[in-house]
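Peer 1: Assemble the whole structure, with the sequences as input and the hints as a guide.
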Amino acid sequence: MSELTTTSVLAELVKGAEKPNSFLNIRTEAETFLAENGIPSKKHEDWKYTNAKRLFDNGLEFTSATDCTFNSVDGVEIFWSEAEKLTGSTAIHTKEAHAALNTSVFEKVLVIRVKKGTQVSDELVLNQALELTGNYFAATRLLIELEDNASLKCQLYFTGSNASEKSLHNHVTEIFVGQNSQLEFNIVQEIAEGNLVNTTEVFCQRDANFTTNTFQLSGKLLRNNLNIRLQGENAETHLNGFYMLKGSELFDNHTLVDHLVPHCESNEVYRGILGGKSTGVFNGKVFVHPDAQKTNGYQQNNNILLTDDATMNSKPELEIYADDVRCSHGSTTGQLDEDAVFYLRARGLDEFGATALLLTAFAGEVLNSVSSEELRNILEQKIQAKLKEMRA
Amino acid sequence: MSLLSIKNLKARVEEKDILKGFNLEVNPGEVHAIMGPNGSGKSTLASVLAGNENYEVTDGEVTFDGKDLLDMDPEVRAREGLFLAFQYPVEIPGVSNVNFMKSAVAEVRKHRGLEPLEAKDFLKFMKEKQQLVELSGNLAGRSVNEGFSGGEKKRNEIFQMAMLEPKLAILDETDSGLDIDALRIVANGVNKLKSKDNAFVVITHYQRLLDYIVPDFVHVLYNGRIVRSGTKELALELEEKGYDWIKDEVAAEA
Ligand SMILES: Nc1ncnc2c1ncn2[C@@H]1O[C@H](COP(=O)(O)OP(=O)(O)OP(=O)(O)O)[C@@H](O)[C@H]1O
Ligand SMILES: [Mg+2]
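Line by line, the protein sequences give chains A and B.
At position 49 of the first sequence the residue is numbered 49 (my numbering), and the sequence of numbers has no breaks.
At position 11 of the second sequence the residue is numbered 11 (my numbering), and the sequence of numbers has no breaks.
In short, the hints are calculated from the structure, not lab data.
For every residue, glycine included, the Cβ atom is placed at its ideal position computed from N, Cα and C.
Heads up, some of the hints might be wrong.
What the hints assert, rightly or not - Straight-line Cα separation of at most 25 Å, SDA-like style, residue types lysine to any residue; simulated pairs:
id, chain 1, residue 1, chain 2, residue 2
1, A, LYS386, B, ASN99
2, B, LYS110, B, THR63
3, A, LYS382, B, ALA119
4, B, LYS10, A, ASP339
Stated by the list, open to error - A few chain B residues that face chain A, going by a derived Cβ cut-off under 7 Å, partial list only:
id, residue
5, ASN52
6, GLU107
7, VAL108
Peer 2: Shown next as structure tokens:
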């Protein structure tokens with residue numbers, strides 16, 4: 001691929017984006033992938049309900065974004081880098097177009113590292129506060145590495161109260177959970193009218209424990225691609241999500257748990273409440289490779305539709321190529337239980353109070369997997385606030 | 001003035017007329033028992049009084065403590081002091097009994113112009129009421145009715161009643177399916193809560209409950225109307241003879 005073609009691929013996608021003079025190898029790989037595949041349209045199976053390409057067709061303009069804020073926490077190394085060698089080592093940029101695009105244009109990666117044997121007690125809080133107005137496009141990138149026997153709890157906020165419906169934020173997080181390490185990674189997405197395509201690629205080593213909880217609260221289009229590769233035996237992952245949609249919001253969660261080796265466990269619960277004319281998408285793939293005997297895989301997706309015009313597209317996909325495994329999945333989409341609402345009202349709660357209590361309980365299964373009480377309270381308040389908006 | 005006054009109440013569900021001119025007056029301090037064959041409309045009456053919107057009132061008037069009951073939302077009825085112990089209590093996963101009662105008690109107190117109870121006082125209050133119906137702390141901490149046995153659900157209804165201190169409680173077959181110990185517990189709960197200011201309407205199929213909760217009046221509901229009213233002796237007679245003689249008499253009168 002010549003330099004000229006490469007630049008023009010990018011130029012077509014994002015006006016003003018230039019290839020930065022760093023990470024040259026992975027950028028070249030990413031551009032090759034992009035040149036061959038382009039940005040997927042709705043014709044692509046994985047993007048059937050989620051039209052992110054339309055943002056590119058309308059024209060996007062590149063803007064620099066390296067202003068993720070974070071607190072300082074004992075035991076955590078955190079720094080911006082233009083040379084971090086693990087960057088791109090998950091090779092996600094050779095598999096998914098949006099990750100490839102991110103790879104070809106991101107400026108710096110924020111590296112978070114916990115050294116071998118370090119147990120971090122305070123929570124690391126990161127805030128990607130981007131105010132993408134107009135048709136701005138920004139690419140941000142994180143890398144989290146827990147060396148062996150380390151532990152960390154981390155919150156990542158995507159915020160932007162003025163984000164415009166023509167803008168696009170493209171984010172990639174690469175995560176490496178070392179042997180016998182534990183990472184809890186909580187993600188909160190609240191970007192007003194903005195659009196976000198967020199890719200999280202996770203490698204888990206032997207005896208690692210990776211827990212992630214994703215909360216989607218506002219955005220025109222929010223798409224998460226979460227891929228968890230269980231590479232070492234006895235690794236365990238818990239991936240949960242909760243989404244609340246109103247108006248014409250579209251939130252999409254594509255998850256993949258890749259069981260590559262024996263004796264691993266995955267546990268997935270995604271739950272959502274959909275109002276207005278919103279559209280939800282859940283596609284949860286659990287892939288059990290032939291070698292991954294004794295896998296325990298559990299997946300559940302439950303949705304409550306508050307209006308007739310809301311739509312949920314839920315697709316669990318279990319692909320199992322090993323014979324000695326325990327896997328199960330279930331998907332439900334229904335209305336709020338009217339008998340329960342009446343029962344609560346008959347005890348003095350008004351209709352909104354009853355509804356809110358039931359929906360908060362519905363969210364509970366996901367909320368309860370957040371270990372920080374403080375964050376749980378914040379989320380509960382945000383859920384209540386959104387319920388009020390949805391009532392209006 | 002009567003606490004509850006029902007005049008010529010007619011109600012339907014899914015195009016089917018169920019209550020066909022129901023009349024009842026309940027005064028403070030009274031216990032009324034309503035008996036009647038399956039499908040006669042007992043639970044329909046309870047649902048209409050509690051404000052279940054699946055039931056359509058087509059005629060009649062109901063005043064509760066002097067106010068138009070049918071005009072109120074279900075929650076307002078509850079706050080005004082009307083309580084229904086459901087024949088089939090609903091299971092609500094994820095909502096703890098404690099939180100549920102905290103919200104409910106706060107709403108009822110607010111309506112009566114009272115501040116919410118302090119956390120400490122609330123727990124004390126709750127413990128008291130739990131003991132009244134011998135509901136174990138374990139059940140009180142669990143999700144509302146989830147995985148409760150039939151008897152536990154009924155006891156939980158009486159516990160909620162005790163928490164909300166209603167002026168009028170309608171117990172819809174709270175005794176059905178209870179063993180004798182549970183029945184005694186439920187009945188004791190009711191008797192302790194009974195005062196000259198409140199009243200109970202007890203819907204039941206079984207005389208045995210009425211040995212414990214002694215009614216001032218017994219009514220027989222048949223085909224959407226009260227066809228006989230009497231004192232507790234009527235319940236004994238029904239226990240002995242069944243409903244057929246009443247059905248025959250009603251047919252003959254028609
Ligand atoms: N939600 C409903 N939808 C349709 N029919 C109903 C509904 N509720 C009650 N009915 C019908 O109305 C009639 C009266 O029912 P109701 O439950 O009031 O009887 P009941 O006297 O309480 O009987 P039981 O002693 O069996 O509890 C029955 O024929 C019943 O099938
Ligand atoms: Mg009944």
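Peer 1: Now tell me if each hint is right for this structure.
Peer 2: Each hint tested on the structure:
no.: 1; hint: A/LYS386 - B/ASN99; result: 21 Å, holds
no.: 2; hint: B/LYS110 - B/THR63; result: 22 Å, holds
no.: 3; hint: A/LYS382 - B/ALA119; result: 24 Å, holds
no.: 4; hint: B/LYS10 - A/ASP339; result: 23 Å, holds
no.: 5; hint: ASN52; result: 6 Å, holds
no.: 6; hint: GLU107; result: 4 Å, holds
no.: 7; hint: VAL108; result: 5 Å, holds
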